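Protein sequences appear in the order of chains G and S. Using the UniProt record's numbering, the letters of the first sequence map in sequence onto residues 1 to 281. Using the UniProt record's numbering, the letters of the second sequence map in sequence onto residues 1 to 296.
By construction, these hints were calculated from the structure, which means they are not laboratory data. Here the structure is a predicted model, which means the values were calculated and not measured. Please note that the accuracy of each hint is not assured.
[Unchecked claim] Keeping only pairs whose Cα atoms sit at most 25 Å apart, straight-line, the calculated DMTMM-like set for lysine to aspartate or glutamate is:
#, chain 1, residue 1, chain 2, residue 2
1, G, 183, G, 124
2, G, 123, S, 59
3, S, 94, S, 111
4, G, 99, S, 11
5, G, 146, S, 59
6, G, 146, S, 111
7, G, 99, G, 173
8, G, 142, S, 104
9, S, 103, S, 144
10, S, 206, G, 151
11, S, 206, G, 222
12, G, 126, S, 201
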Amino acid sequence: MQVGQVLTTGILTDRVELSPLCAKGDDHLLPDRRTCRRKLTPIYRVTEESICAVIEMQDVWKEYPNGTQALNGISVQIQKGEFVYVVGPSGAGKSTFIKLMYREVRPTRGHIFVNGFNIERLKDHKIPLLRRSIGVVFQDFKLLPKLTAAENVAFALEVIGLSHKQIRKRVREVLTQVGLEDKMDMLPSQLSGGEQQRVAVARSLANNPAVIIADEPTGNLDPDTSWGIMRLFQHINDRGTTIVMATHNREIVNSMRRRVIAIENGMIVRDEEKGYYGYDE
Amino acid sequence: MMSRLFRHLREGIKNVIRNGWMSFASMSAVIVTLAVLGFSLILTFNVAQMSTDVTSQLEFSAFLNVNATQQTGSAIAAQIKALPGVESVQVISKNEGLAQMKKELGSEMGDVLNAFKQNPLPIQLVVKPVDPHQIDRIARQVGEIQGVATVRDPHQLAAAIFRTLAIVRDVGVVFVVALLITSMFLISNTIRITIFSRRREIEIMKLVGATNWFIRWPFIVEGMLIGLIGAVVPVLVLVYGYRSLYIRAKGVFSGLSFPLVQAGDLGVKLAVILLAIGLFIGLWGGVMSVRRFLRV
Numbered sequence: 001m002q003v004g005q006v007l008t009t010g011i012l013t014d015r016v017e018l019s020p021l022c023a024k025g026d027d028h029l030l031p032d033r034r035t036c037r038r039k040l041t042p043i044y045r046v047t048e049e050s051i052c053a054v055i056e057m058q059d060v061w062k063e064y065p066n067g068t069q070a071l072n073g074i075s076v077q078i079q080k081g082e083f084v085y086v087v088g089p090s091g092a093g094k095s096t097f098i099k100l101m102y103r104e105v106r107p108t109r110g111h112i113f114v115n116g117f118n119i120e121r122l123k124d125h126k127i128p129l130l131r132r133s134i135g136v137v138f139q140d141f142k143l144l145p146k147l148t149a150a151e152n153v154a155f156a157l158e159v160i161g162l163s164h165k166q167i168r169k170r171v172r173e174v175l176t177q178v179g180l181e182d183k184m185d186m187l188p189s190q191l192s193g194g195e196q197q198r199v200a201v202a203r204s205l206a207n208n209p210a211v212i213i214a215d216e217p218t219g220n221l222d223p224d225t226s227w228g229i230m231r232l233f234q235h236i237n238d239r240g241t242t243i244v245m246a247t248h249n250r251e252i253v254n255s256m257r258r259r260v261i262a263i264e265n266g267m268i269v270r271d272e273e274k275g276y277y278g279y280d281e
Numbered sequence: 001m002m003s004r005l006f007r008h009l010r011e012g013i014k015n016v017i018r019n020g021w022m023s024f025a026s027m028s029a030v031i032v033t034l035a036v037l038g039f040s041l042i043l044t045f046n047v048a049q050m051s052t053d054v055t056s057q058l059e060f061s062a063f064l065n066v067n068a069t070q071q072t073g074s075a076i077a078a079q080i081k082a083l084p085g086v087e088s089v090q091v092i093s094k095n096e097g098l099a100q101m102k103k104e105l106g107s108e109m110g111d112v113l114n115a116f117k118q119n120p121l122p123i124q125l126v127v128k129p130v131d132p133h134q135i136d137r138i139a140r141q142v143g144e145i146q147g148v149a150t151v152r153d154p155h156q157l158a159a160a161i162f163r164t165l166a167i168v169r170d171v172g173v174v175f176v177v178a179l180l181i182t183s184m185f186l187i188s189n190t191i192r193i194t195i196f197s198r199r200r201e202i203e204i205m206k207l208v209g210a211t212n213w214f215i216r217w218p219f220i221v222e223g224m225l226i227g228l229i230g231a232v233v234p235v236l237v238l239v240y241g242y243r244s245l246y247i248r249a250k251g252v253f254s255g256l257s258f259p260l261v262q263a264g265d266l267g268v269k270l271a272v273i274l275l276a277i278g279l280f281i282g283l284w285g286g287v288m289s290v291r292r293f294l295r296v
């Protein structure tokens with residue numbers, strides 16, 4: 001697809017098609033990708049980068065109803081296959097920045113595109129489609145305590161309506177990928193913190209997402225375990241999945257050198273390839 | 001599609017069981033509500049049948065002056081027969097009246113009547129109108145005929161019965177409506193508690209891209225189950241209760257000798273109505289709580 005074509009189709013639709021260069025291979029798990037025509041709204045700049053961008057924000061502001069100014073004009077592009085750390089002091093807007101990506105919160109102003117979904121125009125009933133194209137991992141794992149590791153992963157697939165056969169196959173695949181193939185039938189309480197986070201990562205991988213968003217995934221883990229999880233993310237990133245990770249872990253950021261986006265007072269104050277954590281504690 | 005249906009059903013059943021006591025409480029409310037409703041329905045069906053029965057039998061009596069002869073009796077009877085809307089006039093002579101009264105009073109008391117030298121009873125004319133609703137007008141006209149002493153109107157008795165039953169029914173309706181609303185709120189509250197106890201699952205479901213309806217359905221199924229189980233109990237009790245009553249009474253309400261509504265017909269009607277209402281209040285309770293408490 002040419003840049004010019006994107007200009008015409010991208011403006012008319014709420015979903016910008018990815019160019020073949022950046023198109024994902026495994027779209028079969030995401031059945032409903034119909035694009036719908038809407039009235040014209042200008043997309044600021046459609047460049048080669050923005051076609052390939054998995055996440056793009058253009059001058060995004062967020063003010064919460066209680067008056068908190070969380071974000072004050074954020075513009076950023078994250079390309080397919082990137083590994084990005086989001087750092088910054090607590091309360092600087094990291095969480096809001098992350099939550100905007102899966103439409104947990106809506107921006108007050110600005111444009112956001114994630115996986116080709118136009119977030120500001122995305123209707124509520126289409127949010128599930130966006131979320132199926134994204135994997136999310138949290139500090140507190142968010143596993144269901146009464147379900148086994150396999151059932152926790154299966155839960156995410158059941159929800160999107162796969163058949164039992166497909167679910168069984170996929171659950172085994174992703175649990176093997178995170179190295180838990182022999183602990184599939186254990187309950188979260190029988191697993192260590194690191195293993196629980198691996199289950200959560202497996203669950204986020206289950207839908208074959210183009211991007212994984214992780215909010216302090218190592219926040220609850222000891223250093224050794226954290227490194228294990230980081231190697232897992234590294235491995236997932238090597239397979240082409242984009243990773244956006246909010247973190248407070250200086251040691252990891254400084255030794256596994258990746259792009260670092262630093263947010264302070266709701267603004268991006270630093271955006272470097274192979275950056276440093278950069279905060280003294 | 002089928003597997004999804006089964007999943008919602010399974011999750012709904014799980015919800016009911018997981019919330020055992022609250023489910024039980026709201027089921028009980030539905031049971032009481034529908035039992036009262038079912039009882040009033042049985043009453044209403046029978047009263048409806050009774051009232052058609054009674055009105056088709058409605059007639060009144062006119063009494064002539066005591067000294068009127070049999071000829072005047074026949075003449076007045078013919079005159080009444082000529083009035084518009086009169087179906088039949090039956091003449092009960094003085095002797096027939098006396099015999100009937102003796103029979104009604106029984107042998108001992110009947111002897112009292114022997115003390116009269118002359119028959120003290122007047123000639124009685126039993127008038128039956130074509131249309132029972134015309135009975136008041138005809139009775140008035142008959143009362144104006146010369147030679148007619150008094151008109152006795154059995155309609156007054158029936159009217160009194162119907163008035164009482166109508167009040168009972170109206171009070172029942174108010175009662176049932178209040179109970180229905182209470183049940184709905186109880187169901188909705190039960191489901192709210194389930195939603196609260198499953199909020200983690202709901203949160204995760206939302207994060208992994210479950211559609212809103214996928215999240216909602218199990219709770220609506222839960223409501224429908226509570227409503228349905230709450231309806232089955234009173235249906236069974238009332239249908240079997242009424243059937244045994246019907247068999248024992250041999251199809252007749254002995255006190256007033258009116259025929260009862262057939263047990264089979266009534267059972268089917270009752271079951272359909274109560275199950276439908278149970279399902280509906282369950283569904284409504286479910287939809288209400290999903291609307292109000294499930295922020296998806």
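To see whether the hints hold, each was checked on the structure:
Proximity of residue 183(G) to residue 124(G) is assessed by CA-CA distance (about 37 Å); at most 25 Å being required, the pair is judged violated. Annotation: proposed proximity of residue 123(G) to residue 59(S) is violated, straight-line Cα distance about 72 Å (limit 25 Å). Under the criterion of a C-alpha separation no larger than 25 Å, the hint pairing residue 94(S) with residue 111(S) is consistent with the structure, at around 17 Å. For the hint linking residue 99(G) to residue 11(S), the alpha-carbon distance of about 29 Å lies beyond 25 Å, and the restraint is violated.
Simply put, residue 146(G) and residue 59(S) have alpha-carbon atoms about 75 Å apart, too far for the 25 Å limit, and the pair is violated. Distance check on the hinted pair: residue 146(G) and residue 111(S) sit about 90 Å apart at the alpha-carbon level, beyond 25 Å; violated. Simply put, residue 99(G) and residue 173(G) have alpha-carbon atoms about 28 Å apart, too far for the 25 Å limit, and the pair is violated. Distance hint between residue 142(G) and residue 104(S) is unfulfilled; the C-alpha atoms sit about 87 Å from each other, more than 25 Å.
Among the hinted pairs, residue 103(S) with residue 144(S) is inconsistent with the structure: their alpha-carbon atoms are about 31 Å apart, more than 25 Å. Proximity of residue 206(S) to residue 151(G) is assessed by CA-CA distance (about 17 Å); at most 25 Å being required, the pair is judged to hold. Straight-line distance between C-alpha atoms of residue 206(S) and residue 222(G) comes to about 29 Å, which puts the hinted pair past the 25 Å bound. Pair hint residue 126(G) plus residue 201(S) holds up; C-alpha atoms about 20 Å apart against a cutoff of 25 Å.
In this structure, the earlier hints numbered 1, 2, 4, 5, 6, 7, 8, 9 and 11 are contradicted, and the remaining ones agree with it.
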